[in-house]
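*Asks:* Sequence:
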Amino acid sequence: MRTSSGNAGVWRIQGPGGHGKTNVMRAFISKAASMGKRVTVCATTGKAAKFLGMGAMTAHFAFGFRGSQWIPLTNRYMLMFLAMADVICLHEISMAKAAFLQQLHQRCLDACPNLPTNLPFAGKLILLGGDKHQLAAVCDHKCDEDAYTSHIGGPCGTCFKKFI
1 MRTSSGNAGV
11 WRIQGPGGHG
21 KTNVMRAFIS
31 KAASMGKRVT
41 VCATTGKAAK
51 FLGMGAMTAH
61 FAFGFRGSQW
71 IPLTNRYMLM
81 FLAMADVICL
91 HEISMAKAAF
101 LQQLHQRCLD
111 ACPNLPTNLP
121 FAGKLILLGG
131 DKHQLAAVCD
141 HKCDEDAYTS
151 HIGGPCGTCF
161 KKFI
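Reading the sequence shown from the start, the letters are residues 1 to 164 in the UniProt record's numbering.
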């Protein structure tokens with residue numbers, strides 16, 4: 001597992017409910033931590049974060065998102081926390097709007113201003129887990145029918161690799 005800018009990427013774990021996505025993510029997180037990687041573990045909901053365990057938090061808390069409006073992050077401690085992360089594991093991504101990954105990408109760039117802006121997520125390794133058929137995206141208003149697929153077709157989608 002390398003997380004330098006040349007070897008980072010966005011990986012996704014998907015599959016039907018009950019097929020072990022959470023267990024695979026836990027194993028991945030443990031392995032990354034044992035290799036000395038700094039891992040940020042989060043989920044789109046508090047319940048999913050609690051179920052994932054391992055110090056997980058909601059993605060909105062981890063990345064300083066406040067509602068649906070984009071607000072630049074000025075808290076230097078949160079920016080430092082994001083800058084130090086080698087790996088970001090985000091579970092239940094299917095519950096996020098399509099714009100969520102773009103906002104996460106921007107947060108990573110804001111936290112690492114000295115890196116080239118053409119690196120997806122500032123060169124961090126991103127692991128996404130979820131089941132696009134299990135839970136619909138949580139939206140303030142009507143969303144696309146298949147929000148998860150629109151993530152992959154979005155601006156950051158060209159760097160997706162299927163993990164499982």
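Some hints here could point you the wrong way.
[What the hints assert, rightly or not] Using 25 angstroms as the maximum straight-line C-alpha spacing, the simulated BS3-like pairs for lysine-lysine come out as follows: (1) K31 with K97; (2) K47 with K31; (3) K97 with K50; (4) K132 with K97; (5) K132 with K47; (6) K50 with K37; (7) K50 with K132; (8) K31 with K50.
[Said to hold, decoys possible] Simulated restraints, written as ranges between beta carbons of each label pair: (9) H133 with F81: 30 to 36 angstroms; (10) G46 with G15: 35 to 41 angstroms; (11) Q102 with A27: 14 to 20 angstroms; (12) S34 with F81: 35 to 41 angstroms; (13) A27 with R66: 18 to 24 angstroms.
These aren't lab readings, by the way, just hints derived from the structure by calculation.
Glycine included, each C-beta is placed from N, C-alpha and C at the ideal position.
*Asks:* Of the numbered hints stated previously, which ones are contradicted by the structure, given in increasing order?
*Replies:* 1, 10, 11, 12, 13
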